[in-house]
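Visitor: As given, the protein sequences belong to chains A and B, one line each in that order.
184 is the number of the first residue of the first sequence in our numbering; add one for each residue after it.
62 is the number of the first residue of the second sequence in our numbering; add one for each residue after it.
One or more hints might be untrue.
[What the hints assert, rightly or not] Dumping the calculated DSS-like pairs for lysine-lysine here, alpha-carbon to alpha-carbon at most 30 Å:
| # | chain 1 | residue 1 | chain 2 | residue 2 |
| --- | --- | --- | --- | --- |
| 1 | A | Lys1273 | A | Lys1324 |
| 2 | A | Lys1148 | B | Lys143 |
| 3 | B | Lys259 | A | Lys845 |
Just so you know, these hints were derived from the structure itself, not from any lab.
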Amino acid sequence: MAAVGLSILAVAASAGIGRAQQAATPAQREQKHLVTLRSDAPLFEKARACQQLAVVGTAKSVPVLAGLLGDERLGGYARFAMEPIDDPSVDAAFREAVGKLSGRLLAGVINSIAVRRDAKAVAALKKLAGKPSSPVAAEALAALGQIATDEAVAALRGALTEGAAELRVPAADACMAAAERLLAQKKQKEAIALYDAVRAADVPGHVKAAGAYHAIVVRGPAGAALLIEHLRSGDASLRGIALRAARALPGREVTEALAAEVGKAKAGRQVLLIQVLAERKGPGVRKAIAALAGSGNAEVRVESLKALGRVGDASSVAVLLRAAGGSGEEAAVACASLRRLGGDGTDAAILSGMKRAAGGFRVELIGVLADRNVTAATAALLAEAGSDDPAVAKAAFKALGVLASPKEIPAMLELLLVTKSGPVVAEAENAIVQVAAAADPARRAEAALASLASARQPAARASLLRVLGRIGGAKAYDAVAAAVGDADAVVKDAAVRALAAWSDARAAPTLLKLAKDAGSKTHRILALRGYVRLLGLAAGRGDDGIVRKYAEAMALADAADAKKLVLAGLAGVAHVDALKLAADQLGDRAVRAEAASAAVTIARAVMGADREAARSAMEKVIAAAKAGRSAVEARKILQQIDRFADSITAWRVAGPYMQEGKIYSQLFDIAFEPEKPGAKGVVWRPLAAGTDPKRPAILDLKKALGGDQRAAYVLTWVHSASGGPARLELGSDDGVKAWLNGQLVHANNVARAAIPYTDKADITLKAGWNPLLMKITQNQIPWEFCARLCARDGSKLAGIRIDAAHEGDWTLPAAGAGVKGETGAAGGRSAAPRGRLPNIVFILADDLGYGDVGCYNPQAKAPTPHLDRLARQGVRFTDAHSPSTVCTPTRYSILTGRMAFRTGMGGVFTGVGGPCMIEKGRLTLPQMLREKGYTTGGFGKWHVGMTFFDKQGKAINKSGLEPVKRVDYSRRIPDAPIHRGFDRFFGTVCCPTTDWLYAFVDGDRIPVPPTGILDRTPLPKHPYSRDNRPGMIAPGFDLEEVDMVFLDKSLKFLEGQAKSAPDKPFFLYHSTQAVHLPSFAGRAFRGKTKAGPHGDFIFEFDHIVGELMKALDRLGFADNTLLIVSSDNGPEVTSVVHMRKDHKHDGARPWRGVKRDQWEGGHRVPFIARWPGKIKPASTSDQTICLTDVMATCAAVVGAKLPQNAAEDSYDVLPALLGQKADTPVRRYTLHQTIRLAMAIRRGPWKYLDHKGSGGNNYSRGRMKPYALPDTAPDAPGQLYNLQDDPGETTNLYYKHPEIVKELKEKLEQFKTTGRSAPNRAAGT
Amino acid sequence: MRAKRTRRAFLKTSGLALAAPAIVPAGVLGGRGKVPPSEKIVLGAIGIGPRGRYVLGHMLNEADVQFVAICDVQASRRRQVKAMADGRYGNTDCVMYRDMFELLERKDIDAVLIATGDHWHALASILAAKAGKDVYSEKPCGITIGDCQELADTMNRYGRVFQAGTQRRSIGNFRFAVELARSGKLGKIHTVHASIYKLRVDYGWLPGQPEPDKEVVDWDRWLGPAPWRPYNPRYVQGRWRGYFDFDSGATLLDWGAHTVDLCQWAVDADTTTPLTYEPHGGTIVAHYADGIRLVMRQGGFRNEGNWLGLGTCPVRFEGDEGWVETGDSGNIALHPASLMGERKRFLRRGTDPAQHTSNFFDCVKSRALTAANANIMRQSHIACHAAAIAWMLGRKVTFDPVKEAFVGDDEANRMRTRAKRAPWHA
């Protein structure tokens, strides 16, 4: 918003005064201000000059400033400037002015002398202070107090004792100020003399008291006697000050004197002294206070018992127990003190006190033990829980609920089953449920289920069912659901009630069934209630059929109160169908009010999305509810719809755009990407509709983008049935430009508030879709706009539809190209069908070998049921490759469709070093999909680099521990995944369990930064557990559960899509840590296979795939989702070596080489794809493909056109996925690279390695030596293998087929130098 | 930390009044509650606008407090407060003053509430202390380092009870967070975060207008110790914020007086301040002698500055084993979650002064130190001022907490104090 021009003379400095002045030296600044002061500048400017001289002025300024001291307006400002100038000429000038000035000006100068403590002024000040008639005598006395020379002090003492009566108070104040100066100079004696003089002077009580206070405190421990004397004073002021001094005066002897005094004092003072002593603590205090617990005065006893809670220990328990066993306030206070009392042995003393106590007191003490968290009391409490006294038993169970551990549950159950008293049973059930909550979730219900199996009495069984109902979980549910059919009515009733209160959706189907056909009406109602409640829970999670389920429940509800219940739940469903269902109930008089209220609530939520549905429902509400509250609300909604019906609230936004040093009005004229002809790579995000009910037309860019001095672009599509003249009306904060169909229709470079609708532009709409692009600039604070379309005369415009998500070419034409034709705008340039595009899910394993997966290796030892099932549902590739033999380059290639060696970067990221390997501006796989309307989410390991900054704002480009320590986590990451095409990202920078930073990234920040060095001691230890770098770890970062965290995030993403955008396609990139070293399978997977820790880890990966598959099924996505699973390279050395040895499992089978090696084992990876209805189930493909191809393939799937400068190594392998043209290779050549950028190239069966050896691991020594093969062409500089004849790459044919070596070598060079290996993509094809 | 004391229990049992009022106004005898008039704390108020009325409203709820007098330089505000008090008591006893000395001279008044514009807080508190009154002053209690020093020194000189209006010291969720930090349950605390409001300084003057009659608005008194400038009604209507002459430390203390204070408390630094202050844009990072970082960063309204959105005035304390963040909503976020215990939510909002005013009146009776006494205020306010000075200078400054002076920075040192307009002096 524009700065409002009210403060005409304002010099607002939003960046601090220093910034504006840095250009000039202090001397130059002083000179400038002096020029101002000597000129005839306005008063304001001179005043400002003085205030600035206060900071930069020197002796040079003094004469000019001194000349202003007598100025009525500027005199004060001159003092403002002079007081801080450290030069004697200032003092001289003030002294000189004393003789010349009078009145306020003189008083001011004296005050300045006081501030500067000018000892040379004492004589003059004495003179002014001596005259009672002097109007500045008080000021002069105050100044003498500040100066506090011997001469000044003598003058002050004189004024205090012999001076004029009306000056005694200022003289006393000055004496105390002087005493403070003397104390600063360590002149205790002189100070005490002054304080004594003040307390003896003829001044008001509070002034004497002030003197007395310091007379006590400054004396130190020697002041004790004076303190006691004042504590006994009859004067309230003095007594009050003594209480304060009793806290301020240190020393053991003082405490002792106070402890002695407390016994002697009168009751009222005893109370206050007990408080003081309790604050002081120290020797003797406890005893003195305990003694007063037996005082004859009730108030003293209470205060003593209260204080004992603070200062007491085990020795105080007896006293407190005695009082606690009494009654009234004393008992209450004593119990409170027992609860807070510290000290060793206190718990034990209270416990034995409890055992001795009787009846109600025992109950109270059991409560004390619980509040004190005395877990050692558990055994004693179990005994009490069996007490015949129901109150005691109840209290004991209550305490057990807090103190007991799960191993006490069986004992508690045993007691529960023999308990007869109703209230005790309820408490016992509570306690068992509470304790069970602390147990391992899988075993929570165990003990109660065992009891249920043996219990025979109906009452006992009912009790156990109630307990099981509240414990929850699958096993408990089965038991409770089974009991619904029990022959005994009591048992059956308990089971139904437990189900009706069930905490998760598990019970919904059974409840629905009971609601329909339970024998008892009560049970039917209870079940319906429970069912509706569970629907309410499900509504929050985006269940698609929720409205249908409510409708079903509504049909079952025969009584009004049941209907009301359904309506109450329905109100929370923001869906047009829910609105209709609610409105349908308006005819039922019994529930009309609830139906109206629900309809209003739903309408408020959906009116933005569907105005007409909301309008029609509200009209019905008004007709039905007439004058009711809901009718009033409904009218308001109608008014809102009427008022804003023509406002455009659906927009997509891009930006913010800014430029160093340019302000909003300059940014207005800078053409950022969206307004460049044929703009490319603009990222459009949905803009939230106005949320302020008072201003629903207003869209808030500040909320979406934030910041000052920037610009944003917003885009929407207007569909006009017939086309024709119209008017665009706008309000904006601040400037606005608008283009319709690529033509500028309005421009207004202003700073202002957004008021609907200040700007009007006549436009002409085409029939069909019209893109409306606007640019909004931002000066500061709010950043908003609003827009609407109407007829040229301002009336409503018919036949208009708005869709921000419409696909089409919105870009501006090149200068002179004119407005684009209708077909261009309406038809769009993509060949993609306008139908529903498929969702794409890509799951990337880490170091998962070809031989690790069951459907690739029948001898695999870890079960992979879900991957195997996926292969049965889709296609399995046998010749798929990762572009590289290690993580980082492969991931780069998947996300960009480009070989990573082209960036020049070798190696991998291991810490906080950046920058992101994906260049800014490069089209990425997620970005491409986003431009096609996909929501894109990335979860898990990133590993392509992110930039962190240190505290100085310097980018960190190094790996290791020290750089992690340097990171300033308050700074945002500028090149996070969300800046490379992902709408959302949660995961880790590098390998979550091996690299220097153990912390999660959420979006562009690390919400919980690391705080300490990784402690490896609690981590599992086995041959697969090596490889954690001693990096920094965030609190709560659990190395063993990272994959479960990633899975949770991806599942939430899927659920969120189902709930909030079920019609919008999404792309999910799920990148696991499994099965990278160290093999830390999650706790739930440990020991689940017979193939050791790494086998468990593979099993966990398979589980993750299974969970994501289940979620796709559950949320109804599966049928329209392309799901791909693959791995980033071959299996790791450690796991292969140990698994071969320990478990006869070979993750590289049947290939030569492992991770890092250029031989097949290093990069031939599992690749399974499923797309129901498109990909043939249970098919295999032996086409050679590479993970670089994912991007071009996805482009083909969604109909995106790839530009020439993107995805340069990506082939569209969709035909291979779909099983078409099986005989024609989908890609003729395939490139391979290692971590050190050694290269290889493949054509059909031929594979040429442009280097010697593996290209990665050293086979001449160490763990890999046993796997070395003889070199069949030791002199050859490269290797040539024929994979058809020699899949094990045993025989180097380098010399045997020089023509193929030559061909492949040349091809490799060509691919390197031309920058691409994929076919050229000529414009327009 | 001092134990929480229940004021009601104390009142019921003590049966004592220390500051015995000399005169009991007639109307008091008909007052509310069961406390005999002779044992009531007699209260006056100086400079009461909207915030002042909110705080005063809570003070009027105290059964042992009798509010008797209002001083304000604006007639409309005097009348508004009188109507509020008389309405509450059902009498017409509240006396109105334009001149605060007339109110301070009344011997029956034990304590005063000061809620003037910021530039008057310190001087009014000092004058009240010298007149023997206990003082509850809204924050910021002083708009310069020098103000804060003089205020604390004067409270000490006269042994008065002083409570700074930093009521978050008495509010459950903030206390909970501070206790967590101090208990060691978060491990060693390494960083504390205090939210601040957007920093700004306006050195300008509004256009001059004719001064009204001083019985309507006493402009000279309104200005008080601030430099003279021409009258404009906007100032006295409450639009003085942000102006250098009337506000404190680039408005940093608007929130910082609360949030930096809580941070000081959390790291057990109530008797000192950080040593270095370095501005990074709108964020200022300070370091204590033991290396703990205090980060003053903007936001809290709409999650600017990466706050979790727990309401205005958020603070965050981070240790090497956990962290806690809370704000005015009463909600708490923390890690590990087990530290939450049973309390999930605190219902009292951060702006509510009820507990804080109760603590003040308890201490008026017991003479104990208040939750936000003058010494605590001095340190945390000075830390804020030092940070604001670093920001205004646009450079790192080093501060000596013992000498209360910047090290090797003459310009910064000269910004510690401002000359008071005559005849006002401390």
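Visitor: Now tell me, hint by hint, if it's right for this structure.
Guide: Each hint tested on the structure:
A hinted pair counts as satisfied when its Cα atoms are at most 30 Å apart, and Lys1273/A with Lys1324/A qualifies at roughly 14 Å. At most 30 Å may separate the alpha-carbon atoms for a hinted pair to count; Lys1148/A and Lys143/B exceed this at roughly 60 Å. Only pairs whose Cα atoms come within 30 Å are accepted, and Lys259/B paired with Lys845/A is accepted, the gap being roughly 21 Å.
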